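**Q** Residue strings, one per chain:
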Amino acid sequence: MIQFSNVFKRYENGHEALQNVSFHLPSGDMTFLTGHSGAGKSTLLKLMMRMEVATRGSVVIDGQQLSRLKPHHVPFLRRKIGVVFQDHQLLFDRTVFDNVALPLVIEGMDPREIGRRVRAALDKVGLLSKEKLSPIMLSGGEQQRVGIARAVVNKPPILLADEPTGNLDPQLSAEIMQLFRQFNAVGVTVMIATHDLELVQRMARRVMVLKDGAMIHDAPFKPQAATGGEG
Amino acid sequence: MSRDDSRQSGGNPGGKTGGKGGASYSERWGRQQPTKKRAPVKRTKRREPEAEISSRRGGNAQISRVDAQERLSSWKRHHRQMAIDSFRRMLKSPVASLMTWLVIAIALALPTGLYLFLNNAQLVSSNWDGAAQMSVYLKASVNDERGRDLTQELKLRQDVADAHFISQAQALEEFRTFSGFGDALKYLDDNPLPAVIVVRPAAASLGTSAVALQEHLMNQLKAMSDVDEVQLDLAWVKRLYSIMALGERAVTALALLLGVAVLLVVGNTIRLAIESRRQEIVVVKLVGGTNAFVRRPFLYTGIWYGLGGGVLAWLLINLALIWLAGPVHALASAYASDFELLGLGFTDSVLLLLCSTLLGWLGAWLAVGRHLGAIEPQ
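So the sequence lines, in the order shown, correspond to chains A and B. Just so we're aligned, residue 41 is where the first sequence starts under the working numbering, counting upward by one. Just so we're aligned, residue 2 is where the second sequence starts under the working numbering, counting upward by one.
Simulated from the structure, these hints should not be mistaken for laboratory data. All values derive from a computational prediction rather than experimental measurement. A hint or two may mislead.
Okay, the calculated beta carbon distance ranges per label pair [said to hold, decoys possible]: (1) Arg134(A) - Trp324(B): 26 to 36 Å; (2) Arg134(A) - Ala97(B): 18 to 28 Å; (3) Lys93(B) - Pro151(A): 22 to 32 Å; (4) Ser94(B) - Ala214(A): 39 to 49 Å; (5) Arg134(A) - Arg72(B): 17 to 27 Å; (6) Arg50(A) - Leu258(B): 14 to 24 Å; (7) Leu320(B) - Ser169(A): 33 to 43 Å; (8) Arg134(A) - Leu255(B): 24 to 34 Å; (9) Ile256(A) - Gly374(B): 42 to 52 Å; (10) Arg108(A) - Gln70(B): 27 to 37 Å; (11) His80(B) - Arg108(A): 42 to 52 Å; (12) Ala321(B) - Tyr51(A): 40 to 50 Å.
To give an idea of the chain B side of the interface with chain A (calculated C-beta under 10 Å), a few residues [what the hints assert, rightly or not]: (13) Ala141; (14) Ser142; (15) Asn144; (16) Thr291.
Once the Cα atoms are required to be at most 27 Å apart in a straight line, the calculated DSSO-like pairs of lysine-lysine come out as [to be verified]: (17) Lys77(B) - Lys187(B); (18) Lys140(B) - Lys77(B); (19) Lys251(A) - Lys110(A); (20) Lys140(B) - Lys156(B); (21) Lys120(A) - Lys110(A); (22) Lys77(B) - Lys110(A); (23) Lys93(B) - Lys170(A); (24) Lys77(B) - Lys120(A); (25) Lys93(B) - Lys172(A); (26) Lys77(B) - Lys93(B); (27) Lys77(B) - Lys172(A); (28) Lys77(B) - Lys156(B); (29) Lys110(A) - Lys86(A); (30) Lys239(B) - Lys223(B); (31) Lys156(B) - Lys239(B).
Using N, Cα and C, we set each Cβ at its ideal position, and we do this for glycine too.
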């Protein structure tokens, strides 16, 4: 589903964000991407979203070679990838419902169908009662869950999360991870960038570790794997 | 799908997803394990991908399938929504919107007003056919009787409105009375003045064709055997028409310039609107909004600005016409004329609104093309 082959990314200022990164994430897998800040986690996610283009190497998402993707096809790539952002990226000038509905509105879905899907997604994250509120009235954890609902509402085959538990307490973090696990259980390919190693270990999944732009560790879950990645 | 399922999972958000939880979730979301590797699909048509994507979603395709008809209706729906939404946004800041509308209205009203002025001037000048008189000087050999016959002949012509004969004696009398050189005539042995037929050409249609028509008539008269010379006071008529042609050019130039001004005004306003909705654009692009989708509300904003400006321009012009009607009537009656100002007709009004709407749309399009591409999620 996600295939990186010898990917290099050098920014215009000369910063080498990724160096020779290769990995394959099969469809339906769930993996964690860790590493200290600045190690290249965000760059890696941006490459998948085609917010950035690899300097060298190839990124293939769902069979599509991203370097050959024409700009007007990028939106359709992004519809296949639900993304949960650390800063939520919610729009405060509209309700929770409208925020979650956005991907479906963009796809041009029938309003009744949108209503059903949005409520199902909100119900899934436990926010059905707050659909009419503005996101600004919600707590951080609730906002994050709105973001998750929006990421999954159009049933994308891939779900990416960038520090989804960044500002949350352990209890909320665990709940949100539980949600990701549930999505993965129904076949969504999930990739979560986080530096919360404790959480990673508890989840017992494949872990990839980036350091200074290089993939220094990539292994299926082993108890010592996550701790080894620190530093 | 069922209420039971939703209650189950809703009431148990942090619960372990055992077989049961997973099953209910999977059932509700209707997602199948995407086990088969999807072949890369080469897209050729830009408008199709929604259907393609949904068809590639495997088992759930029936639900999320957006077929051609649905796509059209959703496209129409979005247009309608964006038209309404962008109009509402304008009404939310009525003062700012009104100012933009006014600027556009003034920029449009100026050339339109001048155009009307020209139209009226042409109407007035076309009523001045009497002023373009021709003096047909007859040869000295032609006697008065022949002169009168000739005058009757000319009167019968289609392109002659009127003709009247001035004999040599009458001409001398007129000269003596009006010129002030009457005394000088005493020193002359015989009458040096020729007989004249004063011809008033028939009224022509608007524009320079009148001049051409009159010149044609003049040439024909000149060719007559009895005629010595024909003098047509065409010079000032020509000047008038040249001034009008110049005026038309000036109006065109002004209209073009002010049209560009409208483009810039709308463009700048849209640029600000884009800036203020930057976050929204970023989010829409992140979740897969196409450029057309992002562009749409701004294009409608431009259309509303243009249309609003056009309506205001129409109002301004009609107010000005009402305001001018009194003085114009007074002036016209002083010339014993029943002339009335020509207003914007139906066609002109429609054209004005159409142009303004188009300008608004174009201005928005230019701004969107310039600024929207620069907003990409970082």
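**Q** Each hint: holds or not?
**A** Cross-check of the supplied hints:
no.	hint	in the structure
1	Arg134(A) - Trp324(B): 26 to 36 Å	46 Å, violated
2	Arg134(A) - Ala97(B): 18 to 28 Å	21 Å, holds
3	Lys93(B) - Pro151(A): 22 to 32 Å	23 Å, holds
4	Ser94(B) - Ala214(A): 39 to 49 Å	45 Å, holds
5	Arg134(A) - Arg72(B): 17 to 27 Å	24 Å, holds
6	Arg50(A) - Leu258(B): 14 to 24 Å	48 Å, violated
7	Leu320(B) - Ser169(A): 33 to 43 Å	55 Å, violated
8	Arg134(A) - Leu255(B): 24 to 34 Å	44 Å, violated
9	Ile256(A) - Gly374(B): 42 to 52 Å	37 Å, violated
10	Arg108(A) - Gln70(B): 27 to 37 Å	32 Å, holds
11	His80(B) - Arg108(A): 42 to 52 Å	32 Å, violated
12	Ala321(B) - Tyr51(A): 40 to 50 Å	60 Å, violated
13	Ala141	87 Å, violated
14	Ser142	88 Å, violated
15	Asn144	90 Å, violated
16	Thr291	5 Å, holds
17	Lys77(B) - Lys187(B)	93 Å, violated
18	Lys140(B) - Lys77(B)	80 Å, violated
19	Lys251(A) - Lys110(A)	31 Å, violated
20	Lys140(B) - Lys156(B)	19 Å, holds
21	Lys120(A) - Lys110(A)	16 Å, holds
22	Lys77(B) - Lys110(A)	26 Å, holds
23	Lys93(B) - Lys170(A)	26 Å, holds
24	Lys77(B) - Lys120(A)	24 Å, holds
25	Lys93(B) - Lys172(A)	21 Å, holds
26	Lys77(B) - Lys93(B)	24 Å, holds
27	Lys77(B) - Lys172(A)	26 Å, holds
28	Lys77(B) - Lys156(B)	67 Å, violated
29	Lys110(A) - Lys86(A)	16 Å, holds
30	Lys239(B) - Lys223(B)	20 Å, holds
31	Lys156(B) - Lys239(B)	25 Å, holds
In summary, the structure is inconsistent with hints 1, 6, 7, 8, 9, 11, 12, 13, 14, 15, 17, 18, 19 and 28 from the numbered list given earlier, while agreeing with the others.
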